[in-house]
Structure formats: structure tokens, C-alpha cells
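Let the hints inform the model, and build the full structure from the sequences given.
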Amino acid sequence: MPHQNRAGLQVFLNRLNLRSQLTPVEQQAVLDLPAFPSELEANIDHVALGEMTEFASLVVTGALGRFGQNARGDRQITALHVPGDMANLQSVVEPRATSALQALCRTKVLKIPHQALRSAAARHPALAEAFWRDCMVDAAILSQWVVNIGRRDAVGRIAHLICEIATRQGVRENGTDSFEFPLTQNQIADATGMTSVHVNRTLKALRSVATLASRSAQVLDWEQLVGLADFEPAYLQRGVAPGHRLRIAQTD
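Using this note's numbering, the first residue of the sequence shown is number 13, and each one after it goes up by one.
Simulated from the structure, these hints should not be mistaken for lab results.
Keep in mind that the hints are not guaranteed to be accurate.
With a straight-line Cα cutoff of 16 Å, these simulated EDC-like cross-link-like pairs (lysine to aspartate or glutamate) come out [said to hold, decoys possible]:
{"no.": "1", "residue 1": "LYS120", "residue 2": "ASP233"}
{"no.": "2", "residue 1": "LYS216", "residue 2": "ASP146"}
{"no.": "3", "residue 1": "LYS123", "residue 2": "ASP57"}
{"no.": "4", "residue 1": "LYS120", "residue 2": "ASP165"}
{"no.": "5", "residue 1": "LYS120", "residue 2": "GLU53"}
{"no.": "6", "residue 1": "LYS123", "residue 2": "GLU51"}
{"no.": "7", "residue 1": "LYS123", "residue 2": "ASP233"}
{"no.": "8", "residue 1": "LYS216", "residue 2": "GLU192"}
{"no.": "9", "residue 1": "LYS120", "residue 2": "GLU185"}
{"no.": "10", "residue 1": "LYS123", "residue 2": "GLU192"}
{"no.": "11", "residue 1": "LYS123", "residue 2": "ASP165"}
Have a look at this one:
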């Protein structure tokens, strides 16, 4: 396997290890998954609505957005997938895409065949559970996005989005205040249910605590940003692997 593919799988493994206890053999099974690279320019569809897929998509660099769209063509970003995310892991059990995936910037993904993921999960029940937890976190993020749009003001919405993206990338754990922020102002608008003009005004109001420029972000005051966002990171389930190995998927 090419070195760059293995490096991408390692990032996915790191994500799984945040929430699951995996043995060296189980970890190696993840690193041995067949992976086929695909590079996308910004605003290029990766998976179309209704498409039957035979692979799950691991984000290596850049970002994928999940979209919904109404009859007028108005769209909403319903999920953001950053490096280490398996953007459509649920497609292993439901291969018909119920929403579209599009590159939000120049993005590299690894296509992992469904059959390989099913085989790994069948051989190693702990991996099946790790994949399950991964999907659970995606569901928890979606729940928070609904709250963000429905119950926070403009400042709170964008502050929460910044906090979430930073946390998902392990920014504070790495002791840095600057990180990749893949969204343009128009894309922030699509993710927060705002207009691009309103996003621009809100970012100006946030300049004393966080700044965005050229697909990057810098947080100047974490405490104030977290307060504005009413951000509680527990839903992201980082670093909460169970103290013992659960056996939900028993094999007799």
C-alpha cells in the first residue's frame, strides 16, 4: 500500500482509538484496509443524491460537506467532514446516498470498499463496535447542529461552529490557537442558516475572540469564544474509550 494511503488510514485509526479500545491486531486490520485515492477540486460532487455507492469515503485532506436542497435550489450543509472522518460510513449498510457529498475545498479522500469494511467488522467484532460508535458521534453532531440553527443567535452559531471544528481537529490538545478552517463565508452561511451578508457582519463582531482568513482560523480568547457558543464538547466523545472492552457484537 502506498505510504500516503497508510498515513490516511492512520488518521482514521487515531479517531477510532479516541473512543474504542482496539488490540494491535485490530488496529492492523484498519491499516490493512484497501484504499483508493481520489482528489477533488472545490465544489465538485463526490457522491450524488440517490447514487448507489460501493465505498465509504475517508477524508485525508480538505473537507467534504453533506448537503440537502429544496425545490428552489436552496441548499443547507447538514454535516462537515474533516481529515480523519469516514464521511459516509453508514453507506456500508445503506449504499443508496440519502444526501449529496461535495468537496468544500481541494480535498483528498480514500475510497474504502464496503466489502472490505464488512469483512473487517465480521473478523473483528471490536471493529464493528468502533464503527458503530463513529456513526453515533456523527448523529450527535447532527443533533447539535439542529440546536445551533434553531436556538442560538448569529454570534452563538458561528462561535459554536468554530469551537466544534477546532475540537474535532484536536487543536487545544495540541497546544495551538491556529488551525485549518475549510469553510468560506458562503459555506458558513449554508451551514448556519444565515445569509452571507449576515455571516460577514457576525465575523466582524467576533474579531476580538476569533478571526477567519484564507481557510484558516485563529482563536484569540478561548474562554470567551466557548462562552459565546455555549459549547460543551462532550457530544464529540473525544478520549472517552471505555475502561473495558464491551462485547455488544458477540460471536458464539
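Checking each numbered hint in turn, tell me which of them this model violates, lowest number first. 1, 2, 4, 7, 8, 9, 10 and 11
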